[in-house]
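First to last, the protein sequences are chains A and B. Numbered by the numbering used here, the letters in the first sequence go through residues 426 to 731 in order. Numbered by the numbering used here, the letters in the second sequence go through residues 12 to 304 in order.
Since the hints were derived computationally from the structure, they do not count as laboratory data. A quick note: this is a predicted structure, and the numbers were derived from the prediction, not measured. Ideal Cβ placement from N, Cα and C applies to all residues, glycine included. Some clues are possibly wrong.
Taking beta-carbon pairs under 10 Å as the criterion, some of the chain A residues facing chain B (in silico) [as the list claims (entries may be wrong)]:
id : residue
1  : Val490
2  : Val492
3  : Glu520
4  : Thr566
5  : Trp605
6  : Gly613
7  : His614
8  : Pro616
9  : Leu619
10 : Gly622
11 : Arg678
12 : Asn712
13 : Pro713
The following residues of chain B were derived to be distant from chain A, with all beta-carbon distances above 12 Å [claimed, not checked]:
id : residue
14 : Ser71
15 : Asp148
16 : Ala162
17 : Pro193
18 : Leu203
19 : Arg204
20 : Ser239
21 : Ser263
22 : Val286
23 : Arg289
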Amino acid sequence: MPCRHTEDRLFYGYRLRAPLPLTSLPPLPQAGVADITVVVGDVPPHLAAPIWSNPFIEIGEDGGVLVRLGDDVRFMVRDGRQVVINGTATSSMGEVETLLLGTVAGVLLHQRGDLLLHASCVVIGDRAVAIAGPSGRGKSTLAAALVAQGHAPLSDDICRVRFADGCAWAVPGSARLRLWPDAARTLGHAPETLATGRPGHPKRLLVPLLPSVAPVRLGAIIRLRIDTRLDAPRRARLSGPVAIMPAEDVLYRARLGRRLGRRIGLFQDLTRLAALVPVFSLTRTGNPTDLSELARLVISATTDDP
Amino acid sequence: MTEGRFGWLVSYPKSGNTWLKMMVSSLMSDGAPVDINAMTVKTGIASFAEMDEFLGIESSELTELEIAAARPALHRALAANDTRPLQLRKVHDRFWHTPTGEAAFTPGLISRGAVYLIRDPRDIAVSYAHHRGVGIDRIIDLMGDDGTVLAALTERPKEQLPQPLGSWSSHARSWLEQSDIPVLVIRYEDMLRDPSAPLARVAAHLGIETTTAQLRAAVTATRFDVLSAQERAHGFRERLTGATAPFFREGSAGSWRDQLSMAQIRRITGDHGEVMTRFGYLHADQLALTTGR
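Could you put the whole structure together from the sequences, leaning on the hints where they help?
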């Protein structure tokens, strides 16, 4: 339910002020000017003259983006600074939160010119490890397996990376991990005891401890792949162009980013990242029970090959 | 033929579609050898990754209905983002419409044409059971169920989007009885006997210019023994975990005679006799015996 008052939360490194309880984001004491403001208001069902549109997203001439799900859940996202949520959406808080932390976050951060990996991120020792890959590869499941071993979650599905002091830093995002029921079971959870992010959708929510508020130096990027021919998972160090190609497999919504003005910058950022952080491929078998071996290979990537 | 971008290679699963796609891909590369594990061969079935990237949405958070409603938009986006004059898309979906009545496989500029590959459902039952590592009776259930959805959203993540299949008979009818997209029907058994003639018809249907030498080279490059030797040497990415046989298993027709029980044969002909008769898999007198009509 919407609150009358607003709360400040840490949203991918930014101060986000919202009239909603976004409990999977670290809270901040309310102070100063927010980087991103969420308000509830009127959002039109369509933009008047979109320069790009599909059933879920419309981009206006001014760079404003309408994100839409069904008839009621609509977001207007402007300048990487403001999100207006349609009033009728606030009765579907699960859907609002799922979109705000995923697709809408991607739009906001691309508008701000950030580098976003399509990755779930955990902290191993004093380094962050980004597990990257397209949907369906098992990023969240592997991250959840590492969290179950005591490693801290940093963000799920979107990993914002900043460059500072000659290093790449992974910025904390949302800690809620979205798991398919089979993966939840493999990790020892009864799916029926976990909440669903969206009513009628099989994926379950696992909300471990909130992530830390400080960025963590990125120690490795693990590109998750599947090869049903393998008997056991394999890890390999990637170098040269193959480490970051195809960029669409590493970046979060690369095409959308390009439409929002990130035409050259995205690739430059990715090249810079690959020069600073070792990139590995980690290839799963078709067997979902290889999770502990995958987790071991992720952990050893940060220690065997510094 | 229109200047549509997509050539849909359509079939019920385990009907030789992967083979046909390799054959046409080879033909489009002047009959070049095919690497069965190359991504160009594997891609084609609409995936979550494509929907994420081309529509910008978190597609794994969508319901089956929402995904279905967005499939035409995905096809439009895919067509708009590819400059190749002809893209082959492998399809297992039946021909279906969104809840608002839009055809999932959009006619006009999107679709150049479809090739419908049909195979004796008794052989499919045997092949599909090996492919999925389940019993033949379970497969016969699926093949008779109008509500069957391939890669349905259930318990585990998938790479492919949910694809409405329907029963084997309704699948065939849905493509053959629609008039939005020009369809060429090819029988798998005819491809087995002599691939050259059916391949030439496919090329003509999709507007691929060919020479006899290219056709011959494509057929040679994708002979069953060539593909199955590659699978033996390097494995095949499309083979499912838990499959009980190689993906390129026999490459033959009629093995159902040794592998199905009389009861299983009766169930299949009872469910699908009409369409089987239409495509020469059953004679009218056999159909009468089966159904009592």
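Those earlier numbered hints the structure runs against, lowest number first = 6, 7, 9, 14, 16
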